[in-house]
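Chains as they are written, first to last, in the numbering used here: chain A, 1 to 279; chain B, 1001 to 1144.
The set of hints was computed from the structure by calculation and includes no laboratory data.
Remember, predicted model here, so these are calculated numbers, not experimental data.
C-beta atoms are modelled at their ideal positions from N, C-alpha and C, and glycine is treated no differently.
Do not rely on the hints blindly, as some may be mistaken.
Rough simulated footprint, nothing fancy, chain B against chain A, three-plus residues with beta-carbon under 8 Å [as the list claims (entries may be wrong)]: (1) 47 to 57; (2) 108 to 116; (3) 119 to 125; (4) 167 to 180.
Chain by chain, the residues:
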Amino acid sequence: MEITRQRALLHNDADFARALARAAAGAIIFALPLMMTMEMWELGFYIDRFRLALFLALTVPLLFGLSYFSGFEETFSWQDDLTDALAAFAVGFIVSALMLGLLGIITPDQPFTQIVGKIALQSVPASIGAMLARKQLGQDDNPRQEQRQRSSYAGELFLMMAGALFVGFNVAPTEEMVLIAYKMTPWHTLALACLSVAMLHVFVYQLGFQGQENAGNLGFRSLFMQFTLAGYGIALLIGTYLLWTFERTVGLSAMEMVTVIVVLGFPCTLGAATARLIV
Amino acid sequence: MAIADHRDDEEGQDQDRESSAALSWLARAMSLLGLCLFLGAVGVLGYEGLFRSGGDPVIRARVETVAAMGGQWHARITAFNTGGTTGAQVTVEGILMRDGQMVERSYTVFDYVPAGSEQDGGLFFTRDPGQYELRLRVLGYAEP
């Protein structure tokens, strides 16, 4: 009976309209900090076009994955997940365009590609927000279904990656990332890296990733290797990718680059650690 | 109880088969719109990346209007970038010249002059620029 009702959501106009409204609210809530960040508007026109296009192209597979785990609709087939992902992208894009227009960031006299760049960059967090809206704003309809999907190891790593990307994205465009790196000594960096790993492990241990039954069987070492270190590796990779996309690493020495990656790795780790709560 | 559950399951399967055939038109429309927006945005950015971007910023400046304002003279200027990349902290200098001599100088800094776009600004002078030769010069830029 439950499954029938959820299945019908994507196939019933009124229910889908309600889900869309919720998605739009989620897009605004999750993307508002970035819509009101100056660096995001500037990156919209000076960021390398290929890097922005690649970033945008990776968004739809990410949305697809998020839809599989917890979209703004319960989905059961890959066609439904794809519909879900594209609808979330549409909501994110439209909400970004409307909000940027309302805030006076984009105006009709700007060159077309500049407008597209600003909206496209903003639509990434907005469409992720639209996708997360169901989990955050709606009731948790079917926890059993989600748990089953999430209990695979690859699924856990994907969720960590999505969480790292989402939280990391919220600070990665700012100039403060590089500025903080300039202020830190190698000892600060080492301490921050240790704190990141420790924090991630506490979350992994507390939340019992992989479902209770398996987490109970894993010893400290294998839990640490399989989840904590893997999660920190993912966080650092996502951080590096974001810095590359936003061209924050140009001209930095190797030491400074490592420092700024560890700095951004901290919010990314936070995202990876709390992905289960957010996603 | 078990019987009721079983019956519900059967109904669910029946409805599943029906509904997968008929996706809500709103869901279809939104996902189609999403696909168009996605392909459009990636297409525009890809096209821009292939054919329009790269190279250096080519930035020049022109005088738009000159007007007296509050005891000084205000020259509105426009900086425009015809190059392929954005210039940051673009500094534009205006000099009032008479007989090859500099009489007065002022300057302004534009935070950004994006590729292919124009940015407006103004220079203030204590003398009427109309009485002199007003020369604009773009001094330099930083990469963003």
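The hints, checked one at a time:
For the segment 47 to 57 of chain A, the assignment as covered by chain B holds, since 7 residues bring a beta-carbon within under 8 Å of that chain's beta-carbons and 3 suffice. Counting residues of the segment 108 to 116 of chain A whose C-beta sits closer than 8 Å to any C-beta of chain B gives 6, which meets the bar of three, so the coverage hint holds. Interface restraint, the segment 119 to 125 of chain A with chain B: holds (3 residues with C-beta to C-beta distance below 8 Å; minimum three). With 0 residues bearing a CB less than 8 Å from a CB of chain B, the segment 167 to 180 of chain A misses the requirement of three and the coverage assertion fails.
Hint compliance for this structure: hint 4 alone is broken.
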